[in-house]
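Starting from the two chains in their separate frames, assemble the complex, guided by the hints.
Line order of the protein sequences matches chains A and B. The opening residue of the first sequence carries number 298 in the numbering used here; numbering runs sequentially from there. The opening residue of the second sequence carries number 695 in the numbering used here; numbering runs sequentially from there.
Be a bit skeptical, because a hint or two may be false.
[Said to hold, decoys possible] The calculated lysine-lysine pairs, modelled on DSS-like cross-linking and capped at a C-alpha distance of 27 Å, are:
1. B/729 to B/752
2. B/758 to B/729
3. A/505 to B/752
4. A/391 to B/752
5. A/391 to A/505
[Said to hold, decoys possible] Anything over 10 Å on all C-beta distances counts as not near chain B; from chain A, calculated:
6. 322
7. 344
8. 422
9. 427
10. 433
11. 497
12. 501
13. 511
These aren't lab readings, by the way, just hints derived from the structure by calculation. Owing to the predicted nature of the structure, the values given are computational and were not obtained by experimental measurement. Backbone N, C-alpha and C define an ideal beta-carbon position, used for all residues, glycine too.
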Amino acid sequence: MEDPDNRDVREDLHALRPDAFYSRVHSFQHWFDSVQGYLDELEQGHRADIVPEELPENRRERLITVLCNYSVGETAALEASSGLVRIAPNRPVKIFLATQVVDEARHTEVFIQRLQELGVADPEAAIEARASAAVREFKRRLLELVDGADWDAAILAQNVILEAMELSVFEAHAAVADPVTVDVLSRVLKDERRHIGFGENELGRRLKRDAVLRQRLSRLKRELDHLVLQTVQDTLEALGLSRDERPDIGRNYLAAVERLGLQA
Amino acid sequence: MNDPLEERQREMGSRRRYDLSDDTGFNEVPRRYRKFYRVWRGTGDCLAPNEALCPVCKVVIRSKHELRPGDRIYCMACMTRLEVQRGEGGLLVANPIY
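This is chain B alone, in the form it adopts within the complex (with noise of 0.2 Å):
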C-alpha cells in the first residue's frame, strides 16, 4: 500500500516551483508575510500558475509552488481559508472554506 504523505511528497515535487523573493509592493500584511500576496490590478490582470485571486478581498494569493485543484490556501488580508478549484473555462479558483 502507498503512504499517502510519501504519495502528496512526489505529487508535489512534480511541479513547477516559483521563487517568490521579489517585492511585490504588497504591505498590508505582516512584512515576512508580504511575499505570498500582490495587488490585483483588475479585469486583465492574468494570473500565473501559482497563483489565484481571493474572492472576497480580491487580493491575489501567491505559492512557492504551480496550484492545482484541491489545494488549500490562505488569504491573509482577509483572513480566509480557501480552496482552489476548476472553475468555468477551465480557469482556476479560490472558494472558501468556512
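Bound conformation, chain A alone (with noise of 0.2 Å):
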C-alpha cells in the first residue's frame, strides 16, 4: 500500500504532518541526499576547475591567520557535536548530531587543505601561532559545558552561537574572497543552514514552556558575548576589512536570540 506522506510530499511538501516532517530531515538518508547536490566531484573541498587567483603577500598572509581561526572554531564544533551525541535526549537528534559530526569533520579538513594550498607547510603550528584567544577561549568554554553534560547550554553555545557567528561571518567574507575560498566557503555554509536550525528548533520548544531555562541561558548568552563580539572583530580586522566595509554582523546572532525570547 503507498505511504500516504510519500504521496503527499510529492504533491506538496508543506502538507506533510510534522511528525513525518521530523523523522525525514532528521534522518542519515536525508543528509546523505541534501550534501550530494553540492558536495560531489569536489577536489579539496572546491571545483576543481576553478583557476586560483594570484593573491598578493598581505592578503594571502591575512587569508591564513583567518583559516586558522576558523579551523579552531570547526575543530570545536567537531569535538563538541560528537561529545554531545552520547548525551542527547533521543535517537533521532543522536543521528542528527552525526550527521553533524561529519559536517564539521569536512569542514575542518578542508580548511586545512586551503591553508596547505596557500603554501603552509604545517597547518597546526599555523594554527597554534595565529588563532585568536578569543576563539579558544570560546572552544575551552564550549568544551566544558559538553564535559558537564548541559545539554542545554551546550546546543546554545555551539548551534546557535558559534553557528549564527560563523554563518554570518562566512558570508562577509564570501563577499571580498578569491574564487576558489569563495567556493569553499559557500558549500560550508549550507552545512551551516541545517545546524543553525536544528540549534534553534531544539531549544525553542524547550524554552517556550520553561522560564528557569530561559533565565539561565539569558546568563549564558552574556557571559559569551563578549567571546563572539571579539571573535568576529579579530576576524574582520584579519580580512583587512575596515568599519564601515563591516556588515552588520551581529544580526543573524541578535534575531536568533531574539525569536528563542533570550535576553540581552
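This is the structure:
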C-alpha cells in the first residue's frame, strides 16, 4: 500500500504531518541526499576547474590567519558535536548530531587543505601561532559545557551562538574572498544552515515552556557575548575590512536569540 | 453545520495555483524537494504571493498555491516549521513554530 506521506510530499511538501517531516529531515538518508547536491565531484572542498587567483603577500597572510581562526571554530564544533551525541535526549537527535559530526570534520579538513594550498607547510603550527585568543577561549568554554553534560547550554553555545557567528562571518568573507575560498565557503555555509536550524528548533521547544531555563541560558549568552564579538572583530580585522565596510555582522545572531526569547 | 475539511478544501480551491516545475538551482535539499525552494537574492528580492522567506536560514520557501496568514510551511534547508503571518506594512512573514 502506498505511504500517504510519500504521496503528499510529491504533491505538496508543506502538507506533510509535522512528525513525518521531522522524522524525515533528521535521518541520515536525508543528510546524504542533501549534501550530494553540492559536495559531489570536488577536490579539496572546491571545484577543481576554478583558476586560483594570485594573491598579493599581505592578502595571503591575512587569509591564512582567518583560516586558522576558522579551523579552531570548526574543530571546536567537531569535538563538541561528537560529545553531544552521547547526551542527546533521543535517537533521532543522536542521528542528526552524527551527521553534524561528519559536516564539522569535513569543514576542518577543507580549511586545513586550503591552508596547504596557500603554502602553509605545517597548518597545526600556524593555527597554534595565529588563532585568536577569543576563539580559543570560546572553544574551551564550549567543551566545558559538553563535558559537564549540560545539553541545553552546549546546544545554545554550539548550534545557536557559534553557528550564527560562523554563518555571518563566512557570508561576509565570501563577499570579498578569492574564487577558490568563495567556493569552499559557499559549500560550508550550506551545512551551517542545517546546524543553526537544528539548534534553534531544539532549544525553542524547551525555552517556550521553561522560564527558569530561559533565565539560565540568558546568563550564559551574556557570558559568551564578548567572546563572540571579539572573535568576529579579530576575524574581520584579519580580513582587512574597515569598520565602514563591515556588514551588520551580528544581525543573524541577535535575531536568533530574540526569536528564542533570550534576554540581552 | 459545515464540515471544516470541506471548508478548507473550498478555501484552498479559491487560491491562485503555481507551477513549481522550474529548476531554481537550489541544491541544498534532496532532489525531489528542490522545487519548493530557491536562493534568496538579498535586499530587493521580491517575493511572489506563493513565497515566504525563512527567517532562520534566509532561504525562500515556495508553495504550490498562494500563501495566506495561518498557513503552515516547512523550511527543509534548516528543518524549521513556520507559520505565515501578516507583518509590518501588510507583508507576509514566516515565523518559526517551536
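So, going through the hints one by one against the coordinates:
1. B/729 to B/752: 16 Å, holds
2. B/758 to B/729: Within the cut-off at roughly 10 Å; holds.
3. A/505 to B/752: Status holds; Cα separation ~23 Å.
4. A/391 to B/752: Judged against 27 Å, a Cα distance of about 26 Å means the pair holds.
5. A/391 to A/505: Between residue 391 of chain A and residue 505 of chain A the Cα gap is close to 22 Å, so the pair holds against 27 Å.
6. 322: 4 Å, violated
7. 344: Label holds. Min Cβ-Cβ 13 Å, cutoff 10 Å.
8. 422: 35 Å, holds
9. 427: Check passes; 30 Å lies beyond 10 Å.
10. 433: Holds, since 28 Å exceeds 10 Å.
11. 497: 6 Å, violated
12. 501: Violated: least Cβ distance 3 Å, not greater than 10 Å.
13. 511: It holds; residue 511 of chain A is separated from chain B by about 12 Å at its closest Cβ, greater than 10 Å.
Hint compliance for this structure: hints 6, 11 and 12 are not met, and every other hint is.
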